[in-house]
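A.B. asks: Here's the letter readout for the chains.
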Amino acid sequence: MATTLDLPGVVAHESHGQRVLFVEKTTYLAAVTALYDAGFTMCVDLTAVDYLAHASRVVPDGVVAQRFEVVVNLLSLANRERVRLRVQVGDGESVASLFDVHPSTEAMEREVFDMFGVRFDGHPDLTRILMPEDWDGHPLRKDYAQGRIPVQFKGAAS
Amino acid sequence: MTTIVSAGAATSEGGQELRPRGEISQKALMREAGAVLRLSESAAAALSDVVSDVDEDQSMIINMGPQHPSTHGVLRLMLELQGETVLRCKPVIGYLHTGMEKTGESLTYLQGGTNVTRMDYLSPLNNELVFSMATEKLLGIDGEIPERAQWMRMLLSELNRMSSHLLFLATNGMDLGAVSMMLYGWREREEVLRFFQKVTGLRMNHNFIRPGGLAADLPAGWRDDVLHLLEMLPDRLAEYEILMTGQPIWRERLQGVGVITQSEAIALAATGPILRSTGLAWDLRRDLPYLKYREVEFDVVVGAHGDAYDRYAIRLQEIRESMRIVRQILDKMPSGDYRIQNKKVTPPPRGRIDESMEALIHHFKIFTEGFKVPEGEVYVAIESPRGEIGCYIASDGSSVPYRMHVRAPSFVNVQCLPHMMRGGLVADAVAVISSIDPVLGEVDR
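Top line first, the protein sequences correspond to chains A and B.
Counting in the numbering used here, the first sequence runs without a single skipped number right up to 158 at its last residue.
Counting in the numbering used here, the second sequence runs without a single skipped number right up to 445 at its last residue.
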């Protein structure tokens, strides 16, 4: 097992026995493509975390923690193993879309954009997916507090 | 001019909608038609026919849903039709979005079960199971769950798979005009839910599987109830076979409809019966086993054609496999504790509360403040009736998850719809939606 990735900006890590790779934004797409060639043909999940309220989190040496983290779970059907990629993304920054390597990320990246406002370069249809198109803000951001903003109703005079 | 038949401005979702073909580029058109799916060359050639040989004034965009009996909840599909043929399809979702992942960030780990159980409301116990397993992994107690608790979890998970598949058979029959099947499927499912009610107190949304084990032990007489189910179901399943499997009309409606190949299913990350219908034997219970699945014997049911008929037959057969597992669970169910005895996560027994002030405080604190979970992040996945359900939790060391994300199988599987429908008839669209078996509570969360 343990396919090693010979790419700059990839830091291997382990979390509760699960394999985690911290990947730099610039090598993200290359790393996913390399992993695809190594057998990780299915991108089961892509999500994000907003670490605004927990900036002191532990990251391995060589990784600069940013506000957002895009978390990608890849699965190798042939070797029955999983690997998780964590990509640091600053506020207002964008990352490469995985759409061309893993078409399954179409809806997942739209969800992350909708919920966190992280943009994906090269995504063919980066619209909101769960919230209405004219919604203000991104609900899963930590500064989007529950109950502190007036409820928005679609089409109603405000 | 392409006509857009719409119920009015109230359903407009702007850029999320399917756009008329005159407004988008050829490349985008090809992409919408599935050109990125690593198709075979012949399939790709057929694709360009569907896409380019249509004048704009020959096609029409219609809405199917959000309120439509056969879209299984509030799924909205925008279909571009040429006569009866579906040229393009785009699912528009979010009508049931209630921010459950955001809600999960303000519920303690003990309360979280009440939240996740409402996502896939047809297999609530599997949702609770994956959430509990993720929490236990973060706590580092995943290796200490008592044997009986693990076997009980397996029993409930398999029975839940049966009830979910029975409901699929019911709705699949209803969607295709076999209305009596709807009544039969709901009837048998109700028998399973009656057992759940006896065990957990509720028919649905049980919050019974909790971090550390389960909420209570199995009630007296549970074995007889399970045996009753196992006795009743084989005859009923045989009835379904007579009613549907061998029926020429049934086969005609499903065979060759909504076909997906193995490489396309992998590219779209489809899991569960959809992936298995393409002939790939992938089942997390066998391939990445959890609980005690290593110790039971069962077969992974696969199809060969990747069509709606295979997906129907797989689910029907999976009920039988689940029954086989349940029989083995009955034989192997050990005695012992139904939850971990760890003061950090386990409330004191009821009897102690009356006699000990410390126990009362302990009980109160666990249910109000919850327990603190060490910092870290973890992803755990299990096989739900619909495919891989995963739970990603990031903890900041407090008693509520910093971020709780559920990888919902239906959310991903719905992406297969445009691909499965392209080139088919609009009447088959209903069969295709049904064969995906989406649960919109889980799609939108």
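If you're looking for bench data, these hints aren't it; they were derived computationally from the structure.
None of the values given here were measured: they were computed from a predicted structure.
Each residue gets a CB set at the ideal place from its N, CA and C atoms; glycine is no exception.
A couple of the hints might just be wrong.
Distance condition first, Cα-Cα at most 30 Å in a straight line; then the derived DSS-like pairs of lysine-lysine [unchecked claim]: (1) A:K142 with B:K27; (2) A:K25 with B:K344; (3) B:K90 with A:K154.
Far from chain A by the CB rule (all over 12 Å, computed), these chain B residues [unchecked claim]: (4) T98; (5) A270; (6) L288; (7) K332.
Sample of chain A residues facing chain B (criterion: CB under 7 Å; computed from the structure) [unchecked claim]: (8) H13; (9) H16; (10) R19; (11) V44; (12) D45; (13) T47; (14) A107.
A.B. asks: Against each hint, give a clear statement of whether it holds in the structure.
C.D. replies: Verification of the hints:
Between K142 (chain A) and K27 (chain B) the CA atoms are separated by roughly 37 Å; this puts the pair beyond 30 Å, and the hint is violated. A hinted pair counts as satisfied when its Cα atoms are at most 30 Å apart, and K25 (chain A) with K344 (chain B) does not qualify at roughly 39 Å. Simply put, K90 (chain B) and K154 (chain A) have alpha-carbon atoms about 22 Å apart, close enough for the 30 Å limit, and the pair holds. Look at T98 (chain B): its CB is around 10 Å from the nearest CB on chain A, not clear of 12 Å, so calling it non-interface is violated.
Not every C-beta of chain A lies more than 12 Å from that of A270 (chain B), the closest at about 8 Å, which undercuts listing it as non-interface. Distance to chain A contradicts L288 (chain B) as a non-interface residue, since its nearest Cβ pair spans about 6 Å, not more than 12 Å. For K332 (chain B), the requirement that its beta carbon stay farther than 12 Å from each beta carbon of chain A is met, with the minimum near 25 Å. Because the closest C-beta pair between H13 (chain A) and chain B is about 11 Å apart, greater than 7 Å, the hint is violated.
Interface restraint check: H16 (chain A) against chain B, minimum CB-CB distance 5 Å, threshold 7 Å, status holds. For R19 (chain A), the suggested interface contact is broken, since its CB lies about 11 Å from the closest CB of chain B, more than 7 Å. Hint status for V44 (chain A): holds, given a least beta-carbon distance of 6 Å to chain B, under 7 Å. Checking D45 (chain A) against chain B by beta carbon gives a least distance of about 4 Å; that is within 7 Å, so the hint holds.
Evaluation of the T47 (chain A) hint against chain B yields a held restraint, the C-beta minimum of about 5 Å falling below 7 Å. Because the closest C-beta pair between A107 (chain A) and chain B is about 5 Å apart, less than 7 Å, the hint holds.
Figure legend: structure checked against the earlier numbered hints; hints not met, in rising order: 1, 2, 4, 5, 6, 8 and 10.
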